[in-house]
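Engineer: Here are the chains, one letter per residue:
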Amino acid sequence: MSLYNLDLSYEDFRKVLLPDDVLTAVPGLYFSPRQGRVLIVEPETASWLVLSQTEFSFLVNCGLLQPGSSTRSWIKLGQLQAGLDSGRQDELGRRLYRLFIRNMITINGYGYHQPSQLWAVQKYPHYFNLHLTEGCNLACRYCRVGDGFIPADMMSVDTCKKIIRRVIEEIPGTKIIIGFHGGEPLLNLEGVVEGSKYAREVARSAGKEVTLSLQTNGVLLRQHSNLLQELKVEVGVSIDGPAAIHNRHRVFGSGRGSFEEVMAGIQAARQAGLNPGYLAVVHNPDEYLLVARFMVETLGATSFRLNFSCYEGRAKTKLDFDPTRAAAFARRWLELIDFVLEHHSRTGLWLSLDDLNLFVAHLLTKDRPHMCYRSPCGAGNAILGFGADGKIYLCEELVGKPEFCLGDINTARPLVELLDNSEVYARVAEQRKVDQVPACADCPWRRFHGAGCLNKSFEYFGDLEHRDPMCHFYRVIFEELMWKLNDHPELVNLISYYKKYIKVQNDWLA
Amino acid sequence: MKRNNRATTLPLRPDPFFFRLQWRSGAEWTGRALGEIITGASTIQLEATEPLDNNFLSFLQNLDNQPENFKLRLVLSSSQYSAQKIKELIGPLSRLKKLLAFILIINSRADEQESQILYDLLSVAASAGLKPGILVELEPETTEPELKQLAVEARQSGALEIALRPSRPTNNYMEIAGTVEQCLAGLKTAGLPVSLEECLPGIKISPELSEINCRQASGSCFIDRKGRVKACRQSEIILGDLKQQKLAEIWPGYLYAREVCPAAASLLSDPRESAINYPAAHSSPVNLDSALRPVPLFTLKKKEWGAVLIKDLDGLVLSSRGEKLARLIDGKNTLGSIKKKFGLRSAGFIYALFLKGLVRLEK
Numbered sequence: 011m012s013l014y015n016l017d018l019s020y021e022d023f024r025k026v027l028l029p030d031d032v033l034t035a036v037p038g039l040y041f042s043p044r045q046g047r048v049l050i051v052e053p054e055t056a057s058w059l060v061l062s063q064t065e066f067s068f069l070v071n072c073g074l075l076q077p078g079s080s081t082r083s084w085i086k087l088g089q090l091q092a093g094l095d096s097g098r099q100d101e102l103g104r105r106l107y108r109l110f111i112r113n114m115i116t117i118n119g120y121g122y123h124q125p126s127q128l129w130a131v132q133k134y135p136h137y138f139n140l141h142l143t144e145g146c147n148l149a150c151r152y153c154r155v156g157d158g159f160i161p162a163d164m165m166s167v168d169t170c171k172k173i174i175r176r177v178i179e180e181i182p183g184t185k186i187i188i189g190f191h192g193g194e195p196l197l198n199l200e201g202v203v204e205g206s207k208y209a210r211e212v213a214r215s216a217g218k219e220v221t222l223s224l225q226t227n228g229v230l231l232r233q234h235s236n237l238l239q240e241l242k243v244e245v246g247v248s249i250d251g252p253a254a255i256h257n258r259h260r261v262f263g264s265g266r267g268s269f270e271e272v273m274a275g276i277q278a279a280r281q282a283g284l285n286p287g288y289l290a291v292v293h294n295p296d297e298y299l300l301v302a303r304f305m306v307e308t309l310g311a312t313s314f315r316l317n318f319s320c321y322e323g324r325a326k327t328k329l330d331f332d333p334t335r336a337a338a339f340a341r342r343w344l345e346l347i348d349f350v351l352e353h354h355s356r357t358g359l360w361l362s363l364d365d366l367n368l369f370v371a372h373l374l375t376k377d378r379p380h381m382c383y384r385s386p387c388g389a390g391n392a393i394l395g396f397g398a399d400g401k402i403y404l405c406e407e408l409v410g411k412p413e414f415c416l417g418d419i420n421t422a423r424p425l426v427e428l429l430d431n432s433e434v435y436a437r438v439a440e441q442r443k444v445d446q447v448p449a450c451a452d453c454p455w456r457r458f459h460g461a462g463c464l465n466k467s468f469e470y471f472g473d474l475e476h477r478d479p480m481c482h483f484y485r486v487i488f489e490e491l492m493w494k495l496n497d498h499p500e501l502v503n504l505i506s507y508y509k510k511y512i513k514v515q516n517d518w519l520a
Numbered sequence: 006m007k008r009n010n011r012a013t014t015l016p017l018r019p020d021p022f023f024f025r026l027q028w029r030s031g032a033e034w035t036g037r038a039l040g041e042i043i044t045g046a047s048t049i050q051l052e053a054t055e056p057l058d059n060n061f062l063s064f065l066q067n068l069d070n071q072p073e074n075f076k077l078r079l080v081l082s083s084s085q086y087s088a089q090k091i092k093e094l095i096g097p098l099s100r101l102k103k104l105l106a107f108i109l110i111i112n113s114r115a116d117e118q119e120s121q122i123l124y125d126l127l128s129v130a131a132s133a134g135l136k137p138g139i140l141v142e143l144e145p146e147t148t149e150p151e152l153k154q155l156a157v158e159a160r161q162s163g164a165l166e167i168a169l170r171p172s173r174p175t176n177n178y179m180e181i182a183g184t185v186e187q188c189l190a191g192l193k194t195a196g197l198p199v200s201l202e203e204c205l206p207g208i209k210i211s212p213e214l215s216e217i218n219c220r221q222a223s224g225s226c227f228i229d230r231k232g233r234v235k236a237c238r239q240s241e242i243i244l245g246d247l248k249q250q251k252l253a254e255i256w257p258g259y260l261y262a263r264e265v266c267p268a269a270a271s272l273l274s275d276p277r278e279s280a281i282n283y284p285a286a287h288s289s290p291v292n293l294d295s296a297l298r299p300v301p302l303f304t305l306k307k308k309e310w311g312a313v314l315i316k317d318l319d320g321l322v323l324s325s326r327g328e329k330l331a332r333l334i335d336g337k338n339t340l341g342s343i344k345k346k347f348g349l350r351s352a353g354f355i356y357a358l359f360l361k362g363l364v365r366l367e368k
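The listed protein sequences correspond, in order, to chains A and B.
Just so we're aligned, residue 11 is where the first sequence starts under the numbering used here, counting upward by one.
Just so we're aligned, residue 6 is where the second sequence starts under the numbering used here, counting upward by one.
Some hints here could point you the wrong way.
[As the list claims (entries may be wrong)] Covered by chain A, per the in silico footprint, the following chain B stretches (three or more residues, Cβ under 8 Å):
#1 97-103
#2 198-206
#3 213-225
#4 228-237
#5 354-366
In case anyone wonders, no lab produced these hints; they're calculated from the structure.
We treat Cβ as the ideally placed atom computed from N, Cα and C, and that holds for glycine.
Work the whole structure out from these sequences, hints included.
Structural biologist: Here it is in structure tokens:
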């Protein structure tokens, strides 16, 4: 039996402990007291624990925990056990077990987790996002495509097929996702139809499983829903909430809101048997709850995504971005948890809110199922973006930015070789490691969130060396989620569909 | 105390890597000297003695754009700002990639209104993604509840670090030694550690209770706005003047810790010994498994005479042999393989680094 088996039980832990074992606290722990309890976070392994003030004081007074000190103290187990009866020894053992499996103490120099082995990222992408056009039938005020952008032509069917064939045949892996984006991808219907059919055909002959997805503004869904259903394409619709909110930013070129057309499109999609996913972009945090209610009560959605607006493209000139806005977003976003709880108590159903579900997963596991929160992020290792002209980019959000272009699908050498030898990818992968970004390197939440979105950081700060511009949002919500999860263990159900992708370690409630 | 010849052996302490600089427009270290400071610095802490203005912002932006790899800490007096003023400044400040701490000075006996302004400023700074903290200037009349309340509320407003220093260097805290120690102990067991930015005259606080950020002038120095170099803000001994000397000319005179920092009398004569005298492998409290791999948590700064191993406020002087050993600590070599090259004592040395929080061990 090894102490370092990741399924270590308390009973096994007790069996192998000896009085001569030396316990040391791990440096760099983050402490946050609140109402007679203390939250402890071990940043390097993204582990956390809430202790009562009595338990915490005991560990500080015996010298094992040293808040404020950069050095490690050490103490022998026998010294801690001296004078304790067997009941108290058992209680002490359980405390030490909780600290050990959360990597907050080491035993004879060993930690339970080996941080260097925890945070590996995948080597080659599985998600390929094709911008079938940068053109759009809307002129949303926060669109990442700025006013100065000159839309390229539609992606030709040849280019589309070439991308699909090459990623399926050349990139290792048996499960791949092809995403049709833009601009508005339904403006290039031929690309969607031919690309979808071709992807299935090539995947079949390559023995791979392909998932097709499409993100649309919904305006053209009324015409094309039946076709998308036939093609078995998964559809995501962007809708920002009730008409008053949606029409503020999601407008046609004339300035008229698109709410009615989008709702008609959603209705058509449902009639066609599609089960669209919903995505809203929130710019005013006071509207989080209104948008969530709209999703549930008007659209009948049980799963949806709420993104906040970002400083990029057209939003830079059309919208205001207060540098302190993250606090208000965090405060309002946290109210969504009560909304979900209230919905569950009323209906017995757990809603699935992205990324609430994901953040809960991050508190329960070392897996990071979503590429954006890894270190480095998934740009180039989990996703590739393709411009309408066939240019290859590290991420869908980076399409059109020459700094992040890897080449052209028509001339690029084999894609694996391209990625293995790309200086652009190597530079980004190194610079966006969380330890390399100065503001993130010492952050207690660095392994829960990573260094954030490369594109959002690049757009806001103009380089790769900065944190995510909304990092305060993440700092607040991770800490608050820890307290909430500790007090209401049933919130584990918020993890929703991420259950499929991760292994929740059974230690978090120990 | 041994006074070794620098030409043939190691200095008694590393050249400073943590620079505390006093800023006001026209500060006399901003010219050639700044280039020297940047080259040697791991951290630069700038304390503004006048309200932050566009001049200072431009200076900060220029510093932030330097290619050298150092961290910036900014110290401002909270009484000089309103939340509105800070909101105007916060945009440009939040864009500085090297700015890793935003510290606001507050007097320990600040009234309710002043304290409220501090809490507002902390909230604004935290919201903008800065890492705020407070530096409490301690008045000898301060009571324990006053200090505790300030610490607790500052933390709730977003302060990530809390430090103390004397409100005036001439203060004597002997009479309130018990109160201060009790307060520090109480806050520590509550999970709110408080450090000392400088020592408090008249009190010798146990390092287990609170660490002194100036590290008793080891690896750290203070440069006032006139360009005068001192061991710390409180020291009356001027080690050199940047208007007339280069930093490299000043450091040899910086070696005599007892003269420049009265609180350093208890320092060991040679920091190399403090490292090497940690338990050697045979006498360490634990038999480390040879298969463990030491992973570095430090940065190594090459010097003519060897290297300095740095983590945050702490540094350790290494000879060239020590530097070679430190370079093997890369997360790939095992303790066993390092021992083979450097002998048994290397395991004791690495264990010492482990206890100092400079390496972690992995399987």
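Engineer: Each hint: holds or not?
Structural biologist: Now the hints, each set against the structure:
1. A count of 4 residues in the segment 97-103 of chain B with a Cβ less than 8 Å from any Cβ of chain A is obtained; the coverage claim is therefore met, three being the minimum.
2. Using a Cβ-Cβ cut-off of 8 Å, 3 residues of the segment 198-206 of chain B lie near chain A, which meets the minimum of three, so the contact claim holds.
3. Only residues whose beta carbon comes within less than 8 Å of a beta carbon in chain A count, and the segment 213-225 of chain B has 3; three or more means the coverage holds.
4. For the segment 228-237 of chain B, the assignment as covered by chain A is violated, since 0 residues bring a beta-carbon within under 8 Å of that chain's beta-carbons and 3 are needed.
5. A count of 7 residues in the segment 354-366 of chain B with a Cβ less than 8 Å from any Cβ of chain A is obtained; the coverage claim is therefore met, three being the minimum.
The structure does not agree with numbered hint 4 stated previously, though it agrees with all others.
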